[in-house]
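Asker: Taken in order, these protein sequences are the chains called P and W.
For the first sequence, our numbering begins at 1 and goes up steadily by one.
For the second sequence, our numbering begins at 393 and goes up steadily by one.
Derived by calculation from the structure, the hints in this document are not laboratory data.
In this text, all values refer to a predicted model and were calculated from it rather than measured experimentally.
Check before you lean on any hint, since a few could be wrong.
Derived DSSO-like pairs (lysine-lysine); straight-line CA-CA distance at most 30 Å [to be verified]:
1) P/LYS170 <-> W/LYS415
2) W/LYS419 <-> W/LYS405
3) W/LYS461 <-> P/LYS164
4) P/LYS315 <-> W/LYS429
5) P/LYS339 <-> P/LYS315
6) P/LYS315 <-> W/LYS419
7) P/LYS164 <-> W/LYS406
8) W/LYS504 <-> P/LYS164
9) P/LYS164 <-> W/LYS415
10) W/LYS406 <-> P/LYS170
11) W/LYS415 <-> P/LYS180
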Amino acid sequence: MSTFSIPIGPQHPALKEPESFTLTVDGEHVVGAKVRIGYAHKGIEKAMESRTYIQNIPLVERICGICNVAHTVCYTQNVEYLYEKSIPRRAEYVRVVIEELNRIHSHLLWLGIVGHEVGFDTLFMYVWRDREVVMDLIELLTGNRVSTAMNTVGGVRRDLTPDKMTPLRKGMRLLEERTKYYRKIALDEPTVLARAKGVGVLTPNEAIELSAVGPTLRASGIKADVRMDDPYAAHDEVPFNVITYDTCDVFGRLIVRIDETLESIGMVQYCLDNMPSGPIRMRLTNTPPIGESVSRVEAPRGEDIHYVRSNGTEKPARYKVRSPTLGNMPAILEMLTSKGDYVVRIADIPVVIAGIDPCMCCMDRSIRFIDPSREKEWVWSWDQLKKYAARR
Amino acid sequence: MAMIREVYRHLFKKRATVLYPFKEREKVHLPTDFRGKLAFYRERCIGCGLCFRVCPSETIEMITDEQGKRPIFYLDRCTFCAQCEEICPVDAIEMTADFEFVGFNRKETLLK
Chain P
1 MSTFSIPIGP QHPALKEPES FTLTVDGEHV VGAKVRIGYA HKGIEKAMES
51 RTYIQNIPLV ERICGICNVA HTVCYTQNVE YLYEKSIPRR AEYVRVVIEE
101 LNRIHSHLLW LGIVGHEVGF DTLFMYVWRD REVVMDLIEL LTGNRVSTAM
151 NTVGGVRRDL TPDKMTPLRK GMRLLEERTK YYRKIALDEP TVLARAKGVG
201 VLTPNEAIEL SAVGPTLRAS GIKADVRMDD PYAAHDEVPF NVITYDTCDV
251 FGRLIVRIDE TLESIGMVQY CLDNMPSGPI RMRLTNTPPI GESVSRVEAP
301 RGEDIHYVRS NGTEKPARYK VRSPTLGNMP AILEMLTSKG DYVVRIADIP
351 VVIAGIDPCM CCMDRSIRFI DPSREKEWVW SWDQLKKYAA RR
Chain W
393 MAMIREVYRH LFKKRATVLY PFKEREKVHL PTDFRGKLAF YRERCIGCGL
443 CFRVCPSETI EMITDEQGKR PIFYLDRCTF CAQCEEICPV DAIEMTADFE
493 FVGFNRKETL LK
């Protein structure tokens with residue numbers, strides 16, 4: 001039986017961002033998948049080493065436009081760990097509010113994209129119209145629709161004043177109603193069910209083995225969420241349920257994300273009702289003490305890990321970002337490979353890739369290796385990285 | 393088919409989008425904390441250079457004029473993070489609600 005490879009990308013109508021997939025196909029069935037990443041390398045980590053800690057905040061925000069709050073929360077709390085200081089409680093609550101609003105907006109965006117990928121453009125249009133509600137709320141709170149510029153080292157920059165709470169509560173009620181409606185649509189609509197059920201299967205064992213993160217992992221039935229396992233900001237007080245689903249496919253990821261949106265709405269409402277009073281930020285010196293630290297945040301796409309090493313100057317000596325999409329990349333190759341009864345058709349590729357909510361530009365700094373002690377710099381392809389990982 | 397009722401209902405509703413650049417400019421609402429074009433008040437500035445130190449995108453350059461040190465702003469590089477406005481000890485920098493200020497060359501977007 002002969003197989004042949006079809007290249008998809010780096011520029012392809014099905015992909016929103018430059019990424020190259022090479023898929024081996026046997027007729028209609030995909031039997032092997034390879035990915036080559038690195039087309040959107042931005043050099044952010046190196047740029048961060050030449051800027052001060054406060055100048056880095058807008059830069060970190062631009063690692064990813066959609067989950068910008070997760071990245072800034074991760075960065076700022078990472079630097080706060082270096083100072084070994086905890087920020088005012090009210091600031092932590094405001095961070096949770098902004099973060100959850102960001103998650104709602106990201107999940108609704110994804111829901112629209114999946115609607116588009118399965119050929120259900122009506123869903124796409126209506127979801128994105130309702131997403132404007134949360135975008136307007138983010139704008140009201142922070143002054144901008146996307147780049148919030150809300151977090152700073154030592155707290156948050158704008159307070160959540162009482163006059164902003166009324167529209168926020170109203171918006172949350174509206175969004176809750178709409179999200180429940182979309183949940184019903186997803187469960188009833190044959191178009192969605194036919195294109196999402198049994199597609200992109202990732203068994204729980206594979207999910208753990210390939211270290212999938214975020215909703216992809218939770219849709220495989222694994223209960224793991226940084227907000228629950230290692231609470232940061234005010235997550236130790238704000239109650240929520242970790243949503244899991246056991247179908248292990250794109251449909252499961254859909255339901256997990258919709259339910260997480262509902263949880264996030266509940267968390268925002270809890271924060272508004274239980275907002276402690278007090279200051280929203282504290283002043284810190286420009287130079288954190290010598291040391292290193294790691295911080296983890298549950299971004300909308302999964303676990304986001306930042307590492308910083310300080311040498312006592314006002315610029316970081318090393319900064320490393322592991323954004324969630326990179327964690328999901330091995331899993332996506334597994335999902336794209338037919339094995340046994342599980343068959344992946346070429347038509348399923350876009351929805352499987354979209355199913356992990358990929359954010360290629362977030363991820364693309366992560367494959368460059370720099371060894372300052374030996375003054376060596378090299379770039380690895382995915383294959384080399386896998387071989388390296390296998391040797392370890 | 394599950395959404396068909398919703399779709400029909402919206403046939404009789406108002407358009408959700410705003411025809412921004414050509415019509416309905418008044419419908420564009422800006423939040424109170426909007427970060428738009430910078431405004432600079434020379435008479436308040438003490439030339440401390442804090443804005444220069446926090447700017448992430450090298451928008452600000454410190455020069456010396458007849459009244460002493462002062463910043464000038466290359467707004468084509470500005471990311472509108474408002475860190476300069478926040479750190480200014482004498483409120484000499486302000487973010488206005490003006491967001492339509494493109495120019496054909498860099499001199500037009502230079503704020504002095």
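Asker: Against this structure, judge whether each hint is valid.
Answerer: Tested hints:
1. P/LYS170 <-> W/LYS415: 29 Å, holds
2. W/LYS419 <-> W/LYS405: OK: W/LYS419 and W/LYS405 at ~17 Å, within 30 Å.
3. W/LYS461 <-> P/LYS164: 39 Å, violated
4. P/LYS315 <-> W/LYS429: Holds, at about 28 Å.
5. P/LYS339 <-> P/LYS315: Since the Cα atoms of P/LYS339 and P/LYS315 sit roughly 49 Å apart, the hinted pair is violated (cutoff 30 Å).
6. P/LYS315 <-> W/LYS419: This hinted pair is violated, its Cα atoms lying about 44 Å apart.
7. P/LYS164 <-> W/LYS406: 26 Å, holds
8. W/LYS504 <-> P/LYS164: Violated: W/LYS504 and P/LYS164 sit about 35 Å apart, past 30 Å.
9. P/LYS164 <-> W/LYS415: Given pair P/LYS164, W/LYS415 holds - Cα atoms ~29 Å apart, limit 30 Å.
10. W/LYS406 <-> P/LYS170: 21 Å, holds
11. W/LYS415 <-> P/LYS180: 35 Å, violated
Violated hints, in rising order: 3, 5, 6, 8 and 11; the structure is consistent with all others.
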